[in-house]
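Model the full assembly from the supplied sequences, consistent with the hints where possible.
Line by line, the protein sequences are chains G and F. So for the first sequence, my numbering puts the first residue at 2; every next one is plus one. So for the second sequence, my numbering puts the first residue at 2; every next one is plus one.
These aren't lab readings, by the way, just hints derived from the structure by calculation. Every clue listed holds true.
Identical chains share a label here; the pair holds if one copy fits it or two copies do between them.
Listed next, the in silico SDA-like pairs over lysine to any residue satisfying Cα-Cα at most 25 Å (straight line):
#: 1; residue 1: Lys262; residue 2: Pro145
#: 2; residue 1: Lys19; residue 2: Leu231
#: 3; residue 1: Lys14; residue 2: Asp297
#: 4; residue 1: Lys26; residue 2: Glu4
#: 5; residue 1: Lys262; residue 2: Gly213
#: 6; residue 1: Lys247; residue 2: Ile219
#: 7; residue 1: Lys262; residue 2: Ala296
#: 8; residue 1: Lys262; residue 2: Asp57
#: 9; residue 1: Lys247; residue 2: Cys273
#: 10; residue 1: Lys19; residue 2: Arg266
#: 11; residue 1: Lys19; residue 2: Ala265
#: 12; residue 1: Lys247; residue 2: Ala218
#: 13; residue 1: Lys247; residue 2: Gly213
Computed from a prediction, not measured in an experiment: that's the story for all the values here.
Each chain, written out:
Protein chains: 2
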Amino acid sequence: MREAPHLTFDLDKPGLSKGHLVVPKGTDCGALSLPVFSLNKGEGPQLLITGGCHGDELEGPIVARRLIEWLPEAQTCGRIIVVPVLNPPAVQACSRNTPVDGLNLNRVFPGRADGSLTERIADAVSRLLLPMADTIFDLHSFGPGWDFPPASTTHPIADPNLMGKTLRMAEAFKFPMTLVWEHPGSPGMFDTLAQNQGKVFVCPELGGGTVGAEALAIYEAGVRNALIALGLVKGEAEYPTFLQAKSTQTLETRRSTDEMKAPARGIFEPRCSVLDEVRQGDLIGILHPMDSLSADGIDIRAPETSIVYAIRSGAYVDVGEGVALFAHPLIR
Amino acid sequence: MREAPHLTFDLDKPGLSKGHLVVPKGTDCGALSLPVFSLNKGEGPQLLITGGCHGDELEGPIVARRLIEWLPEAQTCGRIIVVPVLNPPAVQACSRNTPVDGLNLNRVFPGRADGSLTERIADAVSRLLLPMADTIFDLHSFGPGWDFPPASTTHPIADPNLMGKTLRMAEAFKFPMTLVWEHPGSPGMFDTLAQNQGKVFVCPELGGGTVGAEALAIYEAGVRNALIALGLVKGEAEYPTFLQAKSTQTLETRRSTDEMKAPARGIFEPRCSVLDEVRQGDLIGILHPMDSLSADGIDIRAPETSIVYAIRSGAYVDVGEGVALFAHPLIR
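Structure below.
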């Protein structure tokens, strides 16, 4: 008989518990044990915090580990479950996708009990952890190769009530940017599964290839701000300083004009910073051909007045690869 | 008969020239044409600037392209030869080493005319470009996965006269850090070949995985400072602002205590910033085991009073991988 996914401890037990979520073995590899922390202080919000969905985004696991250290002293009510690493094999490989089956964990929800490893992880999380939460923070990073500000992100949600609640939750992080991201419908996202069950789901994202002490402090402060807003811990929210400024803004993307693609191959030189407001025609970068110094660089200019929310790091890019992403102030 | 490496134009021609350095075909691939810029204003320093030795370090090629734009208006004497990309196949693959033969261009100098592609590139550069220069700036980056300050670097040189000249040249960049790097003797470095011929050779390095507009501005200002110091262009040197400070320091490494390695595998959390001065026992990072939340993180502490010149970005590391690098003020 097939082993079922299970927890090695009872999440409903009052107080602090630590144990594992066991993802059963399959034909592709043995069982996995994901470390799980739970702090149950009775009535109140039921929060699930997950990190390490993608193995090359390690701010989340680090911030989750920090939370585990200070929550026991700080949490006053409700229950917080923390899973620092959802996908240990991907983290060990520093890889976005799971090495065993090549799948992206955030594209296979709700998963399959008899599927490959990534699908079995999603299945275990969907069955055993998601039902215990009314609010989920899935800690991501924008990933290497791009500059991206500390941000909390969500997607357009059909139900206006859930959209409003989700947006207020996202803004409670008080990150420099809150982004409503008009994603081309990707099936199998953790977000969509949770939202279809009426839950509030927010993805903090903090980008760039270098995870430094300063970036981690901003990330942790944002999560703490959100916990304060939920009433799970007491304290005053703090606006982190980013690019020498303390400010937040809520933006949305419009699918038709939100991405600038490289018109040719070459070395991309960024000429603006994230959160810069640009007008139509402003220079945002230069694409340098590699084959000749007589060919001029190609100026990459803003298609319309907008805010640059992500800019490609200096890199060699191929025709059609994205080099800049644009957003606009949210129309409510 | 084997084709010899050659230039498509005469470097001794006065004024501005653009053309190619042709690296002959071999058994592994066809001929390569590396774009070369030369501006010959007669008597004065003979400078060679190269970038793109490693294909995942693209600050150098971008800064080299910028130089080519403003040098024609700025250079007053001497000759500057610029090769933005020494290793185009590595840049196209975003890879440190050359994909065709897997070799590191900075370990095969002086190269071999009948060798594999990387060796043929080194051979062409050694024969045709190096003899034209008395000073070389080889534009590198520390590379992804680490935080590293804008720096100019050199290695200990046996000849005290050349060491003094090289150190003065390195300090003329006025980067936040000048580093004399006690490298374990790696054969085949471009540096060593040039220094053995009595030439001044400096590597600017600017690290981290994200090449943003601000980092590029610091890099370009440093190169301009060095050109001013050489007397090739006129102007006032500028101290770039880095971590909210305008300061420079000259450091050296001591091989026995310059690196902290991970004592176990886990997720590394940096707890200090580059250029932080630390005392023996100060916390510089935490290594979080992934398998259990009951096992405490392992504190990584400074072995002695020193300056952190590079810190591993948040990442999964294996036992024995470096997580922090230390240096000390240079004793002259």
